[in-house]
Amino acid sequence: MAGNFAECLLDELPGVQNNNAAGAAYQVCSAKYPERYAGVAQGSGRGFFGFDSGAECALKKARDTRSQVAAGMMRVACNRLYDRPKDLFDEFGLSVPEKR
Numbered sequence: 001m002a003g004n005f006a007e008c009l010l011d012e013l014p015g016v017q018n019n020n021a022a023g024a025a026y027q028v029c030s031a032k033y034p035e036r037y038a039g040v041a042q043g044s045g046r047g048f049f050g051f052d053s054g055a056e057c058a059l060k061k062a063r064d065t066r067s068q069v070a071a072g073m074m075r076v077a078c079n080r081l082y083d084r085p086k087d088l089f090d091e092f093g094l095s096v097p098e099k100r
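In the numbering used here, the protein residues as written are 1 to 100.
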């Protein structure tokens, strides 16, 4: 059972054949988790049994999904759950000024 919006989408969307069904899955998950992605911490799916990246998750989950809309929603959900959180200070070589 899904514990958040992204997990709900990944439970409902694999194998979806058309965009209307993809939209219905989005509505169902939105009703269950109205905070949508705001309730899903970046990288919260990472762990011993999780995927190593959003791309790995999307490849596994969306490969047999005909609906492009569903596949796109799964990619976003996978990225939210399995991509590492980005620290913009580290990414751009910035430092926090020291307080005086």
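These aren't lab readings, by the way, just hints derived from the structure by calculation. All values derive from a computational prediction rather than experimental measurement. Don't be surprised by glycine CBs; every beta carbon is placed ideally from N, CA and C. Check the hints yourself; a few may be wrong.
Derived CB-CB ranges, DEER-like [said to hold, decoys possible]: (1) Arg84 to Ala24: 47 to 53 Å; (2) Pro97 to Val76: 32 to 38 Å; (3) Lys99 to Gly3: 17 to 23 Å; (4) Ala38 to Arg84: 40 to 46 Å; (5) Ala41 to Asn20: 26 to 32 Å; (6) Gln17 to Gly47: 18 to 24 Å; (7) Gly15 to Asp87: 22 to 28 Å; (8) Pro85 to Lys60: 49 to 55 Å; (9) Lys60 to Asn18: 27 to 33 Å.
Check the following: the C-beta atoms of Lys60 and Asn18 are separated by a distance inside 27 to 33 Å.
21 Å, violated
Is the distance from the Cβ of Ala41 to the Cβ of Asn20 consistent with 26 to 32 Å?
31 Å, holds
Quick one: are Arg84 and Ala24 within 47 to 53 Å, going by C-beta?
Check failed, 32 Å falls outside 47 to 53 Å.
Val76 and Pro97 - C-beta distance against the hinted 32 to 38 Å
35 Å, holds
Does the hinted range 17 to 23 Å hold for Lys99 and Gly3 at CB?
About 39 Å separates the Cβ atoms of Lys99 and Gly3, which means 17 to 23 Å is violated.
Distance restraint evaluation - Pro85, Lys60, Cβ atoms, bounds 49 to 55 Å:
For Lys60 against Pro85, whose Cβ atoms are near 22 Å apart, the range 49 to 55 Å is violated.
Is the distance from the Cβ of Gln17 to the Cβ of Gly47 consistent with 18 to 24 Å?
Since Gln17 and Gly47 have Cβ atoms about 31 Å apart, the given range 18 to 24 Å is violated.
Tell me if the beta carbons of Ala38 and Arg84 are separated by a distance inside 40 to 46 Å.
Taking Cβ atoms as reference, Ala38 and Arg84 lie about 19 Å apart, which means the hint is violated.
Is the gap between the beta carbons of Gly15 and Asp87 within 22 to 28 Å?
Because 36 Å falls outside the window, the suggested range is violated.
Consistency with the previously given hints fails for numbers 1, 3, 4, 6, 7, 8 and 9, ordered from lowest to highest.
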